[in-house]
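Participant: Chains as they are written, first to last, in this note's numbering: chain F, 5 to 118; chain U, 114 to 227.
If you're looking for bench data, these hints aren't it; they were derived computationally from the structure. Treat the hints with care, since some could be wrong.
Pairs of lysine to aspartate or glutamate residues, derived as EDC-like cross-links and limited to a Cα-Cα distance of at most 20 Å, are as follows [what the hints assert, rightly or not]:
no., chain 1, residue 1, chain 2, residue 2
1, U, LYS115, F, GLU99
2, F, LYS22, F, GLU83
3, U, LYS180, F, GLU26
4, F, LYS61, F, ASP42
5, F, LYS61, U, ASP207
6, U, LYS115, F, GLU83
7, U, LYS180, F, ASP7
8, U, LYS115, F, ASP63
9, F, LYS61, U, GLU170
10, U, LYS169, F, GLU83
11, U, LYS115, U, ASP140
12, U, LYS115, F, ASP34
13, U, LYS169, F, ASP105
14, U, LYS155, F, GLU46
15, U, LYS155, F, GLU83
16, U, LYS115, F, ASP42
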Amino acid sequence: EADIYQTPRYLVIGTGKKITLECSQTMGHDKMYWYQQDPGMELHLIHYSYGVNSTEKGDLSSESTVSRIRTEHFPLTLESARPSHTSQYLCASSEQGGAYDEQYFGPGTRLTVT
Amino acid sequence: QKEVEQNSGPLSVPEGAIASLNCTYSDRGSQSFFWYRQYSGKSPELIMSIYSNGDKEDGRFTAQLNKASQYVSLLIRDSQPSDSATYLCAVKVDRGSTLGRLYFGRGTQLTVWP
């Protein structure tokens, strides 16, 4: 099981502010993912990375950006927060080359934009 | 058509009963299937993975896969109130640039009453 950490756990912020959500994992997993989930709804993939300096957009255009400078670290940045960004953000990781690609999730960041 | 479909429920069973959760998927080439449990306000937790047709048992949980019918299910025997959660079905799709990503269903909410 992966050890994966997210900070902050909860964030309330005003419209227009720049936000960075942090995600780190200690298992050396090459693959990392960001999902967005609203209450009672499915997870939507917003960004993923298969390794250092590799990032791709997912299904949801959330006006966010990611970077992958170190294997263990995959931060998500919102340049200008809007109330529509209010949601739960979940980070996950899995092992590159693993036959089964089991993804393990961090505890999540619950973001509220006022 | 959604990649993964689940009956959203809610499903309500008495303590000690068998809970049966079902999932269908659209990509016939999918090879890996996962069940996650998500308690309210928490992040998804991987509980079962299955890759071959047939049954896979782990304690009170049994995952069943039928690739011909594109169907995967989760049985929970001797259900306990602590099993009350939303269960997410996820399917790994290897297709073009989305190599190795998971698609999630919306989840089935299970309530086990004492």
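Participant: Evaluate each hint against the coordinates.
Facilitator: Evaluated hints:
no.	hint	result
1	LYS115/U - GLU99/F	violated, 26 Å
2	LYS22/F - GLU83/F	holds, 5 Å
3	LYS180/U - GLU26/F	violated, 38 Å
4	LYS61/F - ASP42/F	holds, 19 Å
5	LYS61/F - ASP207/U	holds, 16 Å
6	LYS115/U - GLU83/F	violated, 31 Å
7	LYS180/U - ASP7/F	violated, 32 Å
8	LYS115/U - ASP63/F	holds, 13 Å
9	LYS61/F - GLU170/U	violated, 36 Å
10	LYS169/U - GLU83/F	violated, 45 Å
11	LYS115/U - ASP140/U	holds, 10 Å
12	LYS115/U - ASP34/F	violated, 28 Å
13	LYS169/U - ASP105/F	holds, 17 Å
14	LYS155/U - GLU46/F	holds, 14 Å
15	LYS155/U - GLU83/F	violated, 26 Å
16	LYS115/U - ASP42/F	holds, 18 Å
Of the numbered hints stated above, those contradicted by the structure are hints 1, 3, 6, 7, 9, 10, 12, 15, listed in ascending order.
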